[in-house]
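Trainee: Assemble chain C onto chain S, guided by the hints.
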Amino acid sequence: MLRVEDLHVTRGRTKVLQGINLEVEAGEIATLIGANGAGKTTTLMALSGLLPVAGGRLELTTEGETIDIGRTRAVDLVRKGIVHCPEGRQIFGRLSIEENLQLGAYLSDDRARIARSISEIYERFPILGERRTMKAGNLSGGEQMMLAIGRALVAQPKLLLLDEPSLGLAPQITEEIFGALEDLNREQGVTMLIVEQNAMLALELANRAFVIETGRIVLNGTGKELLDDPAVFEAYLGVG
Amino acid sequence: MSDYLIQQIVNGLSLGSLYALVAIGFSLIYGVIRLVNFAHGDLLMIGAFMTFGLVASDMVPWAVIPLLVLAGGFLAGGLIERIAFRSISGAPMITGFIVTLSASIAIQNLALILLGSQPRNFNFPEVFRMRFPIGGADVALIDLVIPAVTLLCALALTTFIRKTRAGIAIRAVAENPFAAQLMGISIGRLVFLVFAVGGALAALAGLFWSGKYGQINPLMGFLPGLKAFLATIIGGVGSLPGAIAGGYILGFSEIAFVGFLPPEYSGYRDAFVFGLLILILLVRPQGLFGEVEQERA
Numbered sequence: 639m640l641r642v643e644d645l646h647v648t649r650g651r652t653k654v655l656q657g658i659n660l661e662v663e664a665g666e667i668a669t670l671i672g673a674n675g676a677g678k679t680t681t682l683m684a685l686s687g688l689l690p691v692a693g694g695r696l697e698l699t700t701e702g703e704t705i706d707i708g709r710t711r712a713v714d715l716v717r718k719g720i721v722h723c724p725e726g727r728q729i730f731g732r733l734s735i736e737e738n739l740q741l742g743a744y745l746s747d748d749r750a751r752i753a754r755s756i757s758e759i760y761e762r763f764p765i766l767g768e769r770r771t772m773k774a775g776n777l778s779g780g781e782q783m784m785l786a787i788g789r790a791l792v793a794q795p796k797l798l799l800l801d802e803p804s805l806g807l808a809p810q811i812t813e814e815i816f817g818a819l820e821d822l823n824r825e826q827g828v829t830m831l832i833v834e835q836n837a838m839l840a841l842e843l844a845n846r847a848f849v850i851e852t853g854r855i856v857l858n859g860t861g862k863e864l865l866d867d868p869a870v871f872e873a874y875l876g877v878g
Numbered sequence: 002m003s004d005y006l007i008q009q010i011v012n013g014l015s016l017g018s019l020y021a022l023v024a025i026g027f028s029l030i031y032g033v034i035r036l037v038n039f040a041h042g043d044l045l046m047i048g049a050f051m052t053f054g055l056v057a058s059d060m061v062p063w064a065v066i067p068l069l070v071l072a073g074g075f076l077a078g079g080l081i082e083r084i085a086f087r088s089i090s091g092a093p094m095i096t097g098f099i100v101t102l103s104a105s106i107a108i109q110n111l112a113l114i115l116l117g118s119q120p121r122n123f124n125f126p127e128v129f130r131m132r133f134p135i136g137g138a139d140v141a142l143i144d145l146v147i148p149a150v151t152l153l154c155a156l157a158l159t160t161f162i163r164k165t166r167a168g169i170a171i172r173a174v175a176e177n178p179f180a181a182q183l184m185g186i187s188i189g190r191l192v193f194l195v196f197a198v199g200g201a202l203a204a205l206a207g208l209f210w211s212g213k214y215g216q217i218n219p220l221m222g223f224l225p226g227l228k229a230f231l232a233t234i235i236g237g238v239g240s241l242p243g244a245i246a247g248g249y250i251l252g253f254s255e256i257a258f259v260g261f262l263p264p265e266y267s268g269y270r271d272a273f274v275f276g277l278l279i280l281i282l283l284v285r286p287q288g289l290f291g292e293v294e295q296e297r298a
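Which chain is which? The protein sequence lines are S and C, in order.
So the mapping is simple: the numbering used here equals the position in the first sequence, first residue as 1, plus 638.
So the mapping is simple: the numbering used here equals the position in the second sequence, first residue as 1, plus 1.
I should point out that these hints are in silico values taken from the structure, not numbers from a laboratory.
The structure displayed is predicted, hence computed values, not measured ones.
All C-beta atoms in this analysis are idealised placements derived from N, C-alpha and C, irrespective of residue type, glycine included.
Covered, in the sense of this in silico footprint (three residues per stretch, anywhere, with C-beta under 8 Å from a C-beta of chain S), are these stretches of chain C:
no. : region
1   : 171 to 181
2   : 185 to 197
Some chain S residues well away from chain C (every beta-carbon gap over 12 Å; in silico):
no. : residue
3   : Asn674
4   : Tyr760
5   : Gly779
6   : Phe816
7   : Gly827
The shape of chain S in the complex, shown without the other chains (with noise of 0.2 Å):
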C-alpha cells in the first residue's frame, strides 16, 4: 500500500505541496481531483522520483518490501514498481510502437518476460498489434493513450500513476480508456493513482478518491462519498 505522510514540495520559490497525507491499499484504485494548479501533477512527480520531496514521507509497501520514496532514485523506483504515466502521454512518436513497448521494460533483462508482456497488450490493444512496426505519431490521440497505458504495463507496475489520462480524448474514447482500467486492475490487480480533471469519471472509477485545494487534501472519502457530496458537485461536478 502506499502511504503519503504531510509530503511538502517546493518548485522554485514555491510551495506548491503543503502537507500531503494520502493512503491508497494495494489493488485499489484511487483518484486525485482538483483545479487547475492545485498539485496534482507536482504529487504523481514527488512519488516517482522526479521531483525532490521537501518534507514528509512517502512509503510503498508490496509484498512486505517498503521502499522509503523520497530517499529513492529515480530509475530504482521504476524497478521497484512504480510508473508514471505522464500528462499527454508522451510517447516517443519517432519511434514504432513496438519499441514504445520495449522501451516500457527498459530495465528488464528477462528477454522471455518481455516479449511476452508485449503480446499481452497486443492482445488487450488489437489496434496497437496491428501496427507494431508503424511510428506511433501517427497514431490518434486515443490510441496513443493505449500505448502510454501499454509501456507503463510493459513495466510491471505495482503502483501505476496516472496524469490526465482523458486530457485531449473525445468522451466515446475516454469511456473506453478508463474501461480498460478498471479491467487491468480487477484482472492484474494493478494498484492506481489516477489525477483526472474528468471528476466525474474518476470517481465513478475509484475505490477512493482525494480532494486536493492548493496544495493540501481538504476532502477524501470513497469515490460514491464524494460523487454524493454537495460540496464537491459544486466545485468539481457541476459544470460538466
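Mentor: The following block gives chain C in isolation, referenced to the frame of chain S:
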C-alpha cells in the same frame, strides 16, 4: 572517364569520409542533448598523435593500431563528457557551449605543452602507402581504405541505433528526455556513450588523416572539426544519415573546387566551403535531411 576525374572522385570520397566520421559524433551528441561539442575536432588530433606514438614506438603490430586508437578515442570522448560536461549538467545550454569550447582550448594547449608546437612528419606503415592504378589513375590504397572503413562504421552504427536496446534508448532520449527518464533510462550513461562513440570515430578519422597527409600538429583538429560541424549542419543536425551525406557533399565540393578551377583559386577552398554552407542554409534552413524541430512542451 579520364584518369584525372577518377583521381578526383577518389579524393572526394576519401576526404568526405573523414568529414563524415567526425560529423557522426557531432550529430550523435547534438541529437541526444542538443549540444555542440566544440572539443570534438580535437579528438581527431588525439587520434592522430596516438597513431604517431604507436607507430613510432614500434611495439604493436600495425593491424592492432586502429583498434587501440578507437579505444583511446572512446575513452577520450567519454572523459570530455565526465570532466567538462557532467559537471555542468542542468545548467543552461549556453554554458554547455562555453564549457566544450574551453575544453577544446585546454586540450589544444595541453597538447602544445606536452608535444610541442612543431608539426611532425611520420610515415604510415608501408602497406598503406602502396599505390595502384585504377583506369589509368594512380590511386593510394589509403584513399580506398578510408571510404571502405567509414562505410563499415556507418553501417555498424546505424544498426546499433536501430536495433539494440541502447540504440532505441538513445533515440528515445533524443526525442523526449523527460519520458525517457520515466522508462528508467539513465540519461547520463547514454550521454557518456554518445560522447565516447563519437570520440572513437573522430580518433579513427585522426588516424586516417595522419596517414593521408603525413603531418600532424596539436592544432590540426580545429579546421577539420569545424568543417565536420558544417557537414553536420548541411545534412541536418541530429540526423545520422544527414551527417554522413553532409560529410561527402562537403568533401566532394571541396575537391571539385580545388581540382577543377585554376590552381590560384585553391587557397580559397575554405571560403568556398563555408560560402556553400550559407547557400544551402538559405534554401533549407534545417539542412538537407533535418526535420524542423518542434518546440518542446
